[in-house]
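Listed here are the chains, written in short residue letters.
Number of protein chains: 2
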Amino acid sequence: MRHTPGMCQLLGLNANTPTDLVFSFTGFAHRAQEHKDGFGIGFFEGAGARLFVDPVSARQSPVAEMIRRYPIHSRHIIAHIRKATQGRVALENTHPFMRELWGRYWVFAHNGNLVDFAPKLHAAFRPVGDTDSERAFCWLMQELSKNHASLPSVEHLTQTLAELAAGPARHGTFNFLLSNGEALWAHCSTHLHYVERGHPFPTAQLQDADVTVDFAAHTTPTDRVAVVVTQPLTCNESWQALGPGELAVFVDGRRRLPP
Amino acid sequence: MRHTPGMCQLLGLNANTPTDLVFSFTGFAHRAQEHKDGFGIGFFEGAGARLFVDPVSARQSPVAEMIRRYPIHSRHIIAHIRKATQGRVALENTHPFMRELWGRYWVFAHNGNLVDFAPKLHAAFRPVGDTDSERAFCWLMQELSKNHASLPSVEHLTQTLAELAAGPARHGTFNFLLSNGEALWAHCSTHLHYVERGHPFPTAQLQDADVTVDFAAHTTPTDRVAVVVTQPLTCNESWQALGPGELAVFVDGRRRLPP
Chain Z
1 MRHTPGMCQL LGLNANTPTD LVFSFTGFAH RAQEHKDGFG IGFFEGAGAR
51 LFVDPVSARQ SPVAEMIRRY PIHSRHIIAH IRKATQGRVA LENTHPFMRE
101 LWGRYWVFAH NGNLVDFAPK LHAAFRPVGD TDSERAFCWL MQELSKNHAS
151 LPSVEHLTQT LAELAAGPAR HGTFNFLLSN GEALWAHCST HLHYVERGHP
201 FPTAQLQDAD VTVDFAAHTT PTDRVAVVVT QPLTCNESWQ ALGPGELAVF
251 VDGRRRLPP
Chain H
1 MRHTPGMCQL LGLNANTPTD LVFSFTGFAH RAQEHKDGFG IGFFEGAGAR
51 LFVDPVSARQ SPVAEMIRRY PIHSRHIIAH IRKATQGRVA LENTHPFMRE
101 LWGRYWVFAH NGNLVDFAPK LHAAFRPVGD TDSERAFCWL MQELSKNHAS
151 LPSVEHLTQT LAELAAGPAR HGTFNFLLSN GEALWAHCST HLHYVERGHP
201 FPTAQLQDAD VTVDFAAHTT PTDRVAVVVT QPLTCNESWQ ALGPGELAVF
251 VDGRRRLPP
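From first to last, the protein sequence lines are chains Z and H.
For the first sequence, the UniProt record's numbering assigns the number 1 to the initial residue and increments by one for each residue that follows.
For the second sequence, the UniProt record's numbering assigns the number 1 to the initial residue and increments by one for each residue that follows.
With the rest of the complex left out, here is chain Z (with noise of 0.2 Å):
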């Protein structure tokens, strides 16, 4: 399915195991004019994450090369491709970013444009590049580390998050995933979409214009996977839409709703 053009495209998967993904680059390869300012992955193994971030067209990158044949195994996957809006195109532009609050990784990645987004940042948290992205994400951890003495329940996380989620939303358009190798939240402003998975997987490939993604031959009777994306990838599943200002959590493959 086409992106809307010139937007960012979100892509995060949240499983109950370890699931062995690979990403290509076909897409990239046809039309790298299009989104040619940069792409990121970043992955959890257990309270590890790694990072692979690229400001360049894909069809140039030797990340993105290397993760084309990369075997990713990961509960916690967030993807995002990159048409700048706003800050230069660098390195230290490129989505997905990350912080550490709590003793854990956070990775946060977004789509849309925030409009005189300017929050007092007097904590721990501060840019390194000039994007509103980066800025709310800074000013997401220092929410949350003021609201919470030590890493709460995905319960707690997820109330907190809602409430501020809210504030960047008026500036504008405020999609975002953001995981911290335990569960993954994405807020939607205009388009976010998800789908619950178990075994057996659908042959089909995910696909959209840009990233392929495969998932493993071998499936267990107990595997479940949740993707979001930001438009549905396949036709024959059924997509939920979020809405306007709705946060999900995503925990073990599922999404899990408030009690």
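Source of the hints: derived by calculation from the structure; they are not laboratory data.
Keep in mind that this is a model prediction, so the values were computed, not measured.
Be aware that a few hints might be false.
Treat identical chains as interchangeable: a pair holds within one or across any two.
[Stated by the list, open to error] Derived SDA-like pairs: lysine to any residue, alpha-carbon spacing no greater than 25 Å straight-line:
no., residue 1, residue 2
1, K120, L247
2, K120, G48
3, K120, G167
4, K146, I72
5, K120, A47
6, K146, T17
Add chain H to chain Z, keeping to what the hints say.
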């Protein structure tokens, strides 16, 4: 030159112009058992930083394969090859480590072993893994943030770091490299050597048992590069040994001595 068995290897580079380096891991291929506990390379591009880490032997690592082919252009590089002393072999325990402070990324790698170093970490920097090294890094970041309200000059940072480094060093071996993309700091407890180079660079490759670094064939008369390593890498240059407790700072490819 052979490294000391059982030790980690550090390699740092500081240059006055983005320097084209190619790392190769030929040594790994022959002796992957010896340094099987992972490797990592962090490098700055302007204010942005990339971290490539892999907790597996470079023999099987697609990341090592990519780094081998990636034309790295950077003024600040820190590399580390790990032989685990404390902490499990896991992604979150693989050097270098990275944090953000004052809107800059900080990259840190440690060689040595700290015994009973358990400082109070009450501020915004907490270890994600369970190594003495990441604990010491978090403590350094915490104390820097307490000593300065915003990014100080390189001179002031160097003074503060020299005072701080003495703390962990009382608990064992504390050879480390640290960079914020502006300068490279090297603290020695036991083994650290450096050399300063100018145009034309020696044709000899930098080579130790594990990592080969090829300098670009094309340098200009104003290029300056400083290289800091655990053990001298060449026989035909005047490597300087740092003394126990000595902290050196490199800016624009030269060691900067106290005024």
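Checked hints:
1. K120 <-> L247: within (24 Å within a copy, 36 Å between copies)
2. K120 <-> G48: Between copies only: 23 Å across, 30 Å inside.
3. K120 <-> G167: within (13 Å within a copy, 34 Å between copies)
4. K146 <-> I72: Neither, since 34 Å and 39 Å both go past 25 Å.
5. K120 <-> A47: Between copies only: 22 Å across chains, 30 Å inside a chain, cut-off 25 Å.
6. K146 <-> T17: Close neither inside one copy (32 Å) nor across copies (41 Å); limit 25 Å.
Figure legend: structure checked against the earlier numbered hints; hints not met, in rising order: 4, 6.
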